[in-house]
Amino acid sequence: MTQFEVYRIGPEIKVGAFDISFTNASLFMVISSLAILIIFNLGSKKNSILPNKIQLLAELSYSFVSKMISDTAGSKAKPYFSFIFSLFMFVLFCNMFGMIPYTFTVTSHIIVTFILAAFIFIGVTVIGFIKHGFGYLKLFVPGGVPIVLLPLIVVIEIISYLSRPISLSVRLFANMMAGHTMMKVFGGFVVSLGIVGGWLPLSFSVALTGLEILVAFLQAYVFAILTCIYLNDALNLHH
Amino acid sequence: MFKKIFLYSLIANFFFTKKTFAAESGGMPQLNPEFWISQIFWLVLTFGVLYIVLSKLILPKISANLELRKSQIQENIEAAEKQRESSEAKLKEFDGIILKSKIEAKNIFKDAREKVIKNINSKKEILDKQIDDEIKKAEIEIDTLRQSAPEKINKIAVVTSTEILKKLIGAEVNNSSISAIVDDLVKKNGDRYYGH
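Respectively, the protein sequence lines represent chains S and Z. Position 238 of the first sequence, counting from 1, maps to 238 under our numbering, and the rest follow consecutively. Position 13 of the second sequence, counting from 1, maps to 13 under our numbering, and the rest follow consecutively.
Any given hint could turn out to be false.
[Stated by the list, open to error] Partner residues aside, some chain Z positions facing chain S, computed with beta carbon under 10 Å:
{"no.": "1", "residue": "28"}
{"no.": "2", "residue": "77"}
{"no.": "3", "residue": "79"}
[Said to hold, decoys possible] Pulled from the structure, derived: some chain Z residues nowhere near chain S, Cβ distances all over 12 Å:
{"no.": "4", "residue": "34"}
{"no.": "5", "residue": "35"}
{"no.": "6", "residue": "60"}
{"no.": "7", "residue": "100"}
{"no.": "8", "residue": "111"}
{"no.": "9", "residue": "119"}
{"no.": "10", "residue": "126"}
{"no.": "11", "residue": "132"}
{"no.": "12", "residue": "177"}
Just so you know, these hints were derived from the structure itself, not from any lab. All C-beta atoms in this analysis are idealised placements derived from N, C-alpha and C, irrespective of residue type, glycine included.
Based on the provided sequences and hints, a complete structural model is requested.
Structure, rendered in structure tokens:
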């Protein structure tokens, strides 16, 4: 599991009792963010009626995320567009950079995904209470349920609501970690089987790489779209 | 055979990997809290910077670009529509002009033809008149000639008869008696001789 190991790059930085040293994880966060900023800056620099490739890329991603948000959360979610766009791009680029051999996958660490998910959870809850006051608690009381079942349903609803950050973070973390582990295992097979039998796991490895690129995109998409759905619950309260 | 090798190696590998993994670390590095604070700190920092730069600088630009393109395309479509309409109007005008000029050309042709016909007619009339005059003149001449013809013929008849008689008989015959005979003959058979 060396590929998931975090190690310090440069000197140890300590603020009070906290160690905030620059690590390989930090390095790939910085690289991902910089890559996003560079690509989208290039893509928005020049405005021509017939866009060049990088401009087309930026504009297609813009309309892709914009459509995703308006489809799932409606027009009320427009102020949160920048956040969801940054979130989607950040997760996507972290996932994709992890696909390059000898790199580090930021999103394969539970703490990173959990902080993102917890932030989303807290943010959505705060937005819900600001928009609807205590009426937001009606989210836990679905309409059309018999009175007898209501206490049970409410409990289930509350548990499901509270488990949102966990499911959101574990989904991304587990997907990324499982994929990378699987590739490492098949890579190990190639080495141990050598030139005679190594071809089969090698072909598996190639296929898995394609699958993992798909998963990297898909998980970023799922992460963003679930955020939109949670936001939709907070903005348009109907259950 | 490949299957067998694969199977054996799978089993072998299972032990190997287990061994290596165990040797590398005592579990998942993700659950080692040594660098959690650092990761949180750098995540907040990088994602924060990313969010601020994207939302304040880059996304508004992309949105403006898209809007601009949309409006420009709309404008172009409208302009194209307008030009199409104007070209259609011009085409109609052009057709009208062509129709008008066709009619005009027809009129001009008709006028010219009428003029030519008139001209020809008048000239024809003049020519007819001239021809008629000439014919009349010729007829008069012929008439006078015809009128004078019997006399001349009579004279010739008289002279030739005298000559003939002279040669045949060898005697001089009185001119007056011959002319009397000719006159008498003409009176008798004039119609047969001259076709009257």
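Structure-based check of each hint:
1. 28: This hint holds: residue 28 (chain Z) lies near chain S, its Cβ roughly 6 Å from the closest one there, short of 10 Å.
2. 77: violated, 13 Å
3. 79: violated, 14 Å
4. 34: Residue 34 (chain Z) not clear of chain S: closest Cβ-Cβ about 7 Å, inside 12 Å.
5. 35: Incorrect as stated: the minimum Cβ-Cβ distance to chain S is 4 Å, not above 12 Å.
6. 60: Contrary to the label, residue 60 (chain Z) does not stay out of reach of chain S, its closest Cβ about 9 Å off (not over 12 Å).
7. 100: Fine: 43 Å to the nearest Cβ keeps residue 100 (chain Z) off the interface.
8. 111: holds, 59 Å
9. 119: Consistent with the label, residue 119 (chain Z) stays out of reach of chain S, its closest Cβ about 69 Å off (over 12 Å).
10. 126: holds, 80 Å
11. 132: Holds, since 88 Å exceeds 12 Å.
12. 177: holds, 134 Å
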